[in-house]
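Q: Sequence:
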Amino acid sequence: MDYLNVIEIAWNMDDTPEKEKLLEQAITIADKYNDLKTSVEAREMLITSYMTTGFPKKQLQAFSWLINKWEEGTGCIDTYDLLWNYKWISENVSTFEEVSKEQINNLLTDMKAKYEQQNFSLRPYYKVCTLTAIQMGEVENAIVFFEKWTKTEQDYLNDCSACETNDQAYFYYFIKDYEQAKKLATPIIIEEMSCGEVPHLTYGFMALVYLELDDIKMAQHCFDEGYPLVEKQTALILSLSHLLKYLVLTEQNEKVREVIDTNKEIVLNTESDLDRLLFLQAAYPLFDQEKEADLIEMTEALTAKFDARNGNNYYQDLLKK
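Mind the numbering: the sequence shown is residues 0 to 320 in numbering that gives the first Met the number 0, read in order.
Keep in mind that the hints are not guaranteed to be accurate.
What the hints assert, rightly or not - In silico BS3-like pairs for lysine-lysine, Cα to Cα no more than 25 Å straight-line:
id, residue 1, residue 2
1, Lys150, Lys175
2, Lys304, Lys290
3, Lys320, Lys304
4, Lys20, Lys56
5, Lys182, Lys150
As the list claims (entries may be wrong) - Per label pair, the in silico range of CB-to-CB distance:
id, residue 1, residue 2, range
6, Ile295, Glu178, 14 to 24 Å
7, Lys263, Glu7, 31 to 41 Å
8, Glu289, Ile28, 47 to 57 Å
9, Glu7, Asn252, 44 to 54 Å
10, Glu289, Asp80, 49 to 59 Å
11, Thr149, Gly195, 16 to 26 Å
In short, the hints are calculated from the structure, not lab data. All C-beta atoms, glycine included, are put in the ideal place defined by N, C-alpha and C.
Work the whole structure out from these sequences, hints included.
A: The following block contains the structure:
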């Protein structure tokens, strides 16, 4: 099949591994024939698809190629699209345990510089910095960047209102301001606001928020509504881990085992080391010391690696709770 026809077929497909295989094949041929326009188009499609299916490292590889071509001044890459994708890439980079703190900071610095050079608002940059600080367990940095994020004027590169609301509620969950998290997330929970991954992501941490507020009925509601949305979804393991943690805390042990067994394969195969860690930490209290010794070892090793990289004891403290 002609590789240009493959691109046309891919445009009409949902974001699936099958679509990604077609695009990867098209890229190989387009690169061989120096068809820059098609190489760019296919990689931009892949970045979106990889986000949906949960392959952040492959997403980073495709984006790195695009950013290099853009910096070369080839003229085939839309600057707006590039900077939009930069948000997705930057959000994920700290989830890889092999990426150093210096590399993370360098990427964020580059993102900021490119936004400034193109006269775009720094609101998305401050948001990514907030989420990165959360992922790295840096409470003080998260608070500083959150204030800058919410006080900076938005423009066309701003995320949709549902994503903004979800992520701001998540920040308040992170700093343990559960009442404010509830206040912000309520429009999502009552289905007045949604997007592609909202309320999927919201139900997970809100189950824990409602549990902290002793609203058991709403906590269970979040699990009942949320779990079918994230079950066996590689891109949504973060929310899955929150729902699993809720089950453990409420001693729904039979359901805990079901969730672990059903989702273990995608967790072990995910490219996001942090997603794997959070799921394993949630399951950790119920791991069998003999039968699941390998998972216990993996959990403890990843915990140590992330804390060493981040320069704190955040994940070790989580594991102890």
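Q: Evaluate each hint against the coordinates.
A: Here's how the hints hold up against the structure:
1. Lys150 to Lys175: 21 Å, holds
2. Lys304 to Lys290: 24 Å, holds
3. Lys320 to Lys304: Roughly 19 Å between the alpha carbons, so the hint for lysine 320 and lysine 304 holds.
4. Lys20 to Lys56: 15 Å, holds
5. Lys182 to Lys150: The hint holds at about 19 Å.
6. Ile295 to Glu178: 14 to 24 Å: Since isoleucine 295 and glutamate 178 have Cβ atoms about 36 Å apart, the given range 14 to 24 Å is violated.
7. Lys263 to Glu7: 31 to 41 Å: 38 Å, holds
8. Glu289 to Ile28: 47 to 57 Å: Since glutamate 289 and isoleucine 28 have Cβ atoms about 51 Å apart, the given range 47 to 57 Å holds.
9. Glu7 to Asn252: 44 to 54 Å: Holds, at about 51 Å.
10. Glu289 to Asp80: 49 to 59 Å: Distance hint for glutamate 289, aspartate 80 holds at roughly 52 Å.
11. Thr149 to Gly195: 16 to 26 Å: Taking Cβ atoms as reference, threonine 149 and glycine 195 lie about 23 Å apart, which means the hint holds.
Taken one by one, the earlier hints fail for this structure only at number 6.
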